[in-house]
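Modelling step: build the complete structure from the supplied sequences, incorporating the hints.
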Amino acid sequence: MSLPPLTTLPNPIRPAFTKGLTPGSVIVNIGPSHPATHGTIQIVAEISGERVVRTDVHCGYLHRGFEKECESHTWHTLIPYVDRLNYCSALINDFAYCEAVEKLMGIELTPRCRHLRTLLAEYSRIADHLTCVAAALMEMGAMTAFLYLVTIRDYIYEHIADLTGARVTHSYGRIGGLARDLPDGWLQRLEEILDQMDTFVDRVHGLVDRNRIFIDRTRDVGVIGTTEAINWGFTGPILRSTGAPRDLRKDTPYLSYGELEFEIPVGIKGDNYDRYYVRMREIDESKHMIRQLIDMLQPGPISVDDRRCTLPDKQAVYTEIEALINHFKLIMEGPQVPAGEAYSAHEGANGELGFYLVSVGGGVPWKVHCRSPSFVHMGGVHRMLDGYQLADLVPTFGSINMIGGECDR
Amino acid sequence: MAHGILVLQIAAESLMPVAGRLKQEFGFDLFLDVTATDWPQRRPRFDVVYHFYSTRDFVRVRLKTRVEEADPTVDTLVTLYGSARYMERECHEMYGIRFRGNDDLRPLLLYEGFVGHPLRKDYPKQREQPLVPYRDVKR
Chain A
1 MSLPPLTTLP NPIRPAFTKG LTPGSVIVNI GPSHPATHGT IQIVAEISGE RVVRTDVHCG
61 YLHRGFEKEC ESHTWHTLIP YVDRLNYCSA LINDFAYCEA VEKLMGIELT PRCRHLRTLL
121 AEYSRIADHL TCVAAALMEM GAMTAFLYLV TIRDYIYEHI ADLTGARVTH SYGRIGGLAR
181 DLPDGWLQRL EEILDQMDTF VDRVHGLVDR NRIFIDRTRD VGVIGTTEAI NWGFTGPILR
241 STGAPRDLRK DTPYLSYGEL EFEIPVGIKG DNYDRYYVRM REIDESKHMI RQLIDMLQPG
301 PISVDDRRCT LPDKQAVYTE IEALINHFKL IMEGPQVPAG EAYSAHEGAN GELGFYLVSV
361 GGGVPWKVHC RSPSFVHMGG VHRMLDGYQL ADLVPTFGSI NMIGGECDR
Chain B
1 MAHGILVLQI AAESLMPVAG RLKQEFGFDL FLDVTATDWP QRRPRFDVVY HFYSTRDFVR
61 VRLKTRVEEA DPTVDTLVTL YGSARYMERE CHEMYGIRFR GNDDLRPLLL YEGFVGHPLR
121 KDYPKQREQP LVPYRDVKR
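First to last, the sequence lines map onto chains A and B. Taking my numbering, the leading residue of the first sequence gets 1, the next gets one more, and so forth. Taking my numbering, the leading residue of the second sequence gets 1, the next gets one more, and so forth.
Source of the hints: derived by calculation from the structure; they are not laboratory data. All residues carry an ideal CB built from backbone N, CA and C; glycine is no exception. No incorrect hints appear here.
Simulated restraints, written as ranges between beta carbons of each label pair:
1) A/PRO80 - B/GLY113: 29 to 35 Å
2) A/GLY340 - B/ASP71: 25 to 31 Å
3) B/PHE114 - A/VAL26: 28 to 34 Å
4) A/ASP181 - B/ASP71: 50 to 56 Å
Written as structure tokens, this is what we have:
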């Protein structure tokens, strides 16, 4: 066994530039596997001294043909793939995808399912924001804050595992409902975790908010304005950090968000500090929403009573031929989705997460397209990197929260 | 209207004027997405599908235009939206749609030298194009 010499290996990318614009500038390659950037991303940067002149961002190292693979699975069996888009908040992906299919089928969810989906989406959002803030802080050297936040995140993951059976990729959404109802005592534990989270999040506020090192590295770094952010397609916490109160949960209410009371935290300048603070405040708002939803939850069915998508009761499958055939048809052929196309967007943890589905009728999608926020953000991230110090690349990149699974699909 | 979204079916030549009007007059300031749909049995073969969102009125609109397999070319929207640059690159490598005026259509999710357009229906799912040749394993 012999490896070809390194020089003959083809380069997977073609950088946009190989020569510097200014005399004395240097082209450096950062990544795709770099200890200071979480996520596999390659940045070719022209630097003049310590200053970044321009950058060329390459993603795609985690591309696994999500959209192609979906075209040979039934509408139901591709849900596990959907989970692996944004693996920090997999439930939001599940629900956004399921809602797009439900739109095509014309399905109205049961109230319990609607509330539970909203609750779990907000719970996932907390986990996602905790991950993002923790990782960004750790990259700046704040190990204690990282451990505090990740402790809580792990409580949340274990808690969701009690419900779904998996810590990270849950595959819990179903077309027209959810996989199963809450286990006993789940909501009590939820209250406990929310209380503990208050303590830990307060500690992080105390450690970081007025910390000189943190402020120096984040204030006025990676600044972007509202108009420019919209031009480059930024949504979610990044757009809100510029001061624009744009949130799909408020603007185009879906699930139960119309019945909830919450605020949209916004930043002032659109710099790294604002993005940190918007995420921390959103954790508080999500917690507020979860507490309202716990009160709103009423007993009831979690899946719609619709034989086109919901599996029949197991007892009936064993005793009645109609239920057996129904079960068989749903598993082997998939839910029969009428022909048409639908776009459904949820406010993901990073921004607008949209699914554009095309059906030609039958159990297999003709096309599943995911509009992932991270991918679009990578198209505009050079606006936040250019002109700052090379070392600023790390906190700026951390504050954007690029998720490889979602970006590269 | 289809499932809550206004759909506009337009000719490829009128893409630029329509998109320009949508942005200037109707406030569709956020370019969400561009992708294509492949209909191998149909002439013209491809639909190029755009989604826009208005951060003022909170509504979405979908633009669809058809292009022929022999000349799958539409105008680029980079002059209107910066974000179009990256998304058009993706659509180009996945479906082979050419965006006239976009000077940066290098491969993005795929690698340099990838042959074909994987999201076209005639691209087999199992086809392999290893960038680094497989090594012999001697036992």
